[in-house]
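Trainee: Chains as they are written, first to last, in my numbering: chain A, 1 to 84; chain B, 1001 to 1084; chain C, 2001 to 2153; chain D, 3001 to 3153.
Among the hints, erroneous ones may be present.
[To be verified] Listed next, the in silico DSS-like pairs over lysine-lysine satisfying Cα-Cα at most 25 angstroms (straight line):
(1) C:2070 x B:1006
(2) A:16 x A:31
(3) A:14 x D:3139
(4) D:3140 x A:51
(5) C:2140 x D:3139
(6) C:2070 x D:3138
No lab work stands behind these hints, which were simulated from the structure alone.
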Amino acid sequence: MNITLKYFSWIRVKLKKSHDFIELNQTTSFKKLKSNLISKDPIFQEIFSDKSVKYFLNLNELEDENKILNNGDVLAFLPPVTGG
Amino acid sequence: MNITLKYFSWIRVKLKKSHDFIELNQTTSFKKLKSNLISKDPIFQEIFSDKSVKYFLNLNELEDENKILNNGDVLAFLPPVTGG
Amino acid sequence: MIKIINESFDLENEFKRLNSSENGAYSFFLGTVRSEIRSLNKNIKGIFLECYEELAYTQLDKIRNIALKKWKLSECLIIHRIGKLNLGEKIVLIITSSSHRTDSIEACEFVIDSLKIDVAFWKFHLLDNGEKEIVPQKKKDKEKILKWREIIN
Amino acid sequence: MIKIINESFDLENEFKRLNSSENGAYSFFLGTVRSEIRSLNKNIKGIFLECYEELAYTQLDKIRNIALKKWKLSECLIIHRIGKLNLGEKIVLIITSSSHRTDSIEACEFVIDSLKIDVAFWKFHLLDNGEKEIVPQKKKDKEKILKWREIIN
């Protein structure tokens, strides 16, 4: 299954890209995805340990670590917003 | 001495004029002027008994009945304002 | 800047006068002619605004100076129209500008609330039958100003 | 109406869209690019605004609907620009309209306060040396929104 990751603000700058398309062989929780990403790139350690970052799954805030991700899901990484 | 009276809102409508120039033979307090005006036109009775009307002498609110009027003074009659 | 004028004005032009990169925030209050008393089975076709101009300028100046002193404003513009105005037309505009938004927002509300109670303007409804009807002062407006008197003093 | 756009906008034109003789009161909040960090011995030549548009539209829509439900508004317009903006340029405009002024004034402040904390925009300072510097979220803005959460719930 395929999942789109979207990166914003300092996360986008740090990763030097605005998005990723990732393929997973089996259904995965958000928690598992996090370990998965950290193992591939240690920058994710820094991202996930920043408590001010929010995660939005298909435009809804994701608050449950155990949430199961589905094919086609869009997961966005949001640092604190500064519009207006 | 000469004094200008300026009338606004319902007072202007009631008196059918926006101002009066009056001549006084001697120095007069605001209080005396009031009796004087009432004796000439009973409409002034109604005006002076309306506690919501404010009086401005040369652009400053007049709060002391015994204030002495001087030659050239401008006394304005102001019903509650409704701008904005 | 304070203006008491007969003709209408353009919001973009008035903003441009105040626009400076020192400011990050602009608050506007715009009052217009509302067809309010339609609901009372009266049709109004507009309003007439009477003004004691000489006094109104000094009163607006006083309100503006209080605002400039109390809040961190870089400017405070007040425009009030007089004479005959049609439904929907602009009556009054306040623009306050500041570095940070809380100052301009609070000050703008203070200015319009004060203007409603302390400045020599009188409104008349112009009815369809040609009559002029005096608009009474609102109790709410008198009450609202008390809140500010505590804050300002 | 909600618009996230690249180009600038004209205040008079935006007002005309909302203008109706049902309303007597319009409140505007306009945020512009401020040369703030000059004082920190840095020169900025502008800002860059990043946005997650799909999300920002749904977030703005939610804020707008809360405002329309909580206050007696006839309209609530929100315009936010994205991309590169120069010093002094308009960033954001809120216009709320109502019969009576208290509704539009309160609602306008609620919308800008909420937007600052709950909508997917990110600001960067564009420095003279070509660098982009991330603008941090203000503690004050986070605190201010708590006040509204009590009022809304």
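Trainee: Each hint needs a verdict: does it hold in this structure or not?
Mentor: Here's how the hints hold up against the structure:
Straight-line distance between C-alpha atoms of residue 2070 (chain C) and residue 1006 (chain B) comes to about 33 angstroms, which puts the hinted pair past the 25 angstroms bound. A hinted pair counts as satisfied when its Cα atoms are at most 25 angstroms apart, and residue 16 (chain A) with residue 31 (chain A) qualifies at roughly 23 angstroms. A C-alpha spacing of about 24 angstroms is found between residue 14 (chain A) and residue 3139 (chain D), which places the hinted pair at or below 25 angstroms, so the restraint holds. Using a Cα cut-off of 25 angstroms, the hinted pair residue 3140 (chain D) and residue 51 (chain A) holds, with the two alpha carbons roughly 19 angstroms apart.
Distance restraint check for residue 2140 (chain C) and residue 3139 (chain D): the Cα-Cα separation of roughly 35 angstroms exceeds the 25 angstroms cut-off, and the hinted pair is therefore not satisfied. This hinted pair checks out: residue 2070 (chain C) and residue 3138 (chain D) have alpha carbons roughly 23 angstroms apart, not beyond 25 angstroms.
In summary, the numbered hints that this structure violates are 1 and 5.
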